[in-house]
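Here is what each chain is made of, one letter per residue.
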Amino acid sequence: MNEPAFFPPAHQRALYAVLEEQFYVLLDSFEGPLDLLLFLVKKNRVAIENIPIISIARQYLAYLELMEEMNLSIASEYLLMAATLIQIKSRILLRQQLDDEGAEDEQGEDPREEIIARLQAYELYKKGAKYLAQQPLNGWDCFSPEETDLQNLLEDEAQIDVSLEEQYAVSLSDLLTAFLQLYERRRASQERYEINRDLINMDEIYNRVNETLSRQATVRFSELVERFSADTSLLVVLFLALLELTRQKRVTINQEAPFEPLLITGGI
Amino acid sequence: MSRSSLLAEFKKVSSVSSELRHIKDVIESLLLISGEPVNLHDVQILLEIEAGDLLDEAVNQLEDEYRLRDRGFYLQRIGAGIRFVTKQENASWIRKFKAGKPVRFSKAALETLAIIAYRQPITRPEIESIRGVDASGVLRLLLVKELIAIKGRKEVVGSPLLYVTTDKFLQIFNLTSLSSLPDINSFGDLYPNVELPLLDGQ
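The listed protein sequences correspond, in order, to chains Y and P. Anchor point for the first sequence: position 33 equals 33 in the numbering used here, and the numbering is continuous, going up by one each time. Anchor point for the second sequence: position 77 equals 77 in the numbering used here, and the numbering is continuous, going up by one each time.
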């Protein structure tokens, strides 16, 4: 194997000789396992429907090994394809053995059938993509009138002023698009937020509830809420504490009739 | 033919041609100022005319006139609309004038767009089974760029979202309509080989 004279750092796009042959390929230039497989088929100058699975599988695995050697992470899709190729290979070998033993059993189905169909479909759409890539792009190869800034400005303003019906006339797609655009913008701005650690302790709330219940046998839920209403997070913890106390059967919650006040009783 | 009937005929012809002239004028003005393709249905409502011959004739005449004039731009049909578009040979000057940055679609984006364009409406798992890789990232990007949109859900287990291409896709890729895409099966002959960049190891 001839080694390239120039060895770039492993983390950069690197050129490497693959197998015993002298060709070089951009290691991260494949769009996935099918792309790699298609590349190997083309390199071997065979038609997809004649894919020599055993030799292609060997080359495919050698390629993954190379990636591994370079500490490139191999996406799980590549490993799944490797397993699929090995499975097809073993089915072919098994069938050959059966043939050699003169087995009468005719196995009509070609084990390669599915992978061939997938490769052919992928190749078609890859060429479809190439067709799109060769189309003149509006905004690069040719140009059309654009909205002026003033129009954009007025449009933004108009958006604030739309009638209620128009506000509702959005589709799921509109919403998702809007959300994703916002999300991207937000991510781009890289704002940082500080999140303060919560200083309220659940045990403390337990104690305060217990203390109240030791002074009066029954307390109204609304009273408790009022007492804790200073802080929203305090209320949330109170609610959680009550749920937990109820679960532990340390308090019971009753109501005399629907819509009557909720009464909390300590102990059972 | 009597003189009066000739006159009536003349008036009829000239009123049709003046209406045609009027429609062409308005469309031309709209084309100049509109930031996106001028939808012909919108024009019909705007001018309170009937859909059909007169409008078609106006557009056809404009299309021919701009082509014959052979100027820096011409009229192009896109989806249900029309727009002005500059000649391709002037692109480098316009790019220089606008000082735009080069734009390129990734292979992943192009492959995904091609699959959606040909197979729409299509779900993410279906796209992934053709490309053999996860498509969520590229789908999100294409949604943000408004080249694709979501159009309902497929009535199968999990009711996955269905993706379609948008008018903006047609506009950007200069496609008159989806049906103007070549038959997918014709690609077997159109391009002899998919070549990856091969570099010699100097």
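No lab work stands behind these hints: they were computed from the structure. Take the hints with a grain of salt, since some may be wrong.
Unchecked claim - Just a few of them, taken from the derived set where beta-carbon distance is under 10 Å, the chain P residues facing chain Y: (1) 110; (2) 141; (3) 158; (4) 161; (5) 164; (6) 174; (7) 182; (8) 184.
Stated by the list, open to error - So the derived label-pair ranges between C-beta atoms look like this: (9) P/42 / Y/194: 28 to 36 Å; (10) Y/114 / P/183: 18 to 26 Å; (11) Y/262 / P/153: 39 to 47 Å; (12) P/32 / Y/194: 26 to 34 Å.
C-beta atoms are modelled at their ideal positions from N, C-alpha and C, and glycine is treated no differently.
Against the structure, the hints come out as follows:
1. With a cut of 10 Å, the hint placing residue 110 of chain P at the interface with chain Y holds, because the nearest CB-to-CB distance is about 4 Å.
2. The closest approach between the C-beta of residue 141 of chain P and any C-beta of chain Y is roughly 9 Å, which is under the 10 Å cut-off, so the hint is satisfied.
3. Proximity of residue 158 of chain P to chain Y is violated relative to the hint, the smallest CB-CB distance being about 16 Å (cut-off 10 Å).
4. Among the interface hints, the one on residue 161 of chain P holds; its C-beta lies about 8 Å from the nearest C-beta in chain Y, closer than the 10 Å criterion.
5. With 10 Å as the threshold, the beta carbon of residue 164 of chain P comes within range of chain Y, its nearest partner Cβ sitting at about 9 Å, so the hint holds.
6. A cut of 10 Å between beta carbons decides the hint on residue 174 of chain P: the least distance to chain Y is about 5 Å, and the hint holds.
7. The beta carbon of residue 182 of chain P is positioned within 10 Å of a beta carbon in chain Y (closest approach about 7 Å), and the interface hint is therefore held.
8. Satisfaction of the interface hint for residue 184 of chain P is found here, the shortest Cβ-Cβ separation to chain Y being roughly 5 Å, below the 10 Å cut-off.
9. Evaluation of the 28 to 36 Å hint for residue 42 of chain P and residue 194 of chain Y yields a failure: the beta carbon distance comes to about 50 Å.
10. Separated by about 24 Å at the C-beta atoms, residue 114 of chain Y and residue 183 of chain P satisfy the suggested range of 18 to 26 Å.
11. The hinted range of 39 to 47 Å is satisfied by residue 262 of chain Y and residue 153 of chain P, whose Cβ atoms lie roughly 42 Å apart.
12. Residue 32 of chain P and residue 194 of chain Y have their C-beta atoms about 52 Å apart, which leaves the hinted 26 to 34 Å range violated.
Of the hints listed earlier, those the structure fails to meet are numbers 3, 9, 12, in rising order.
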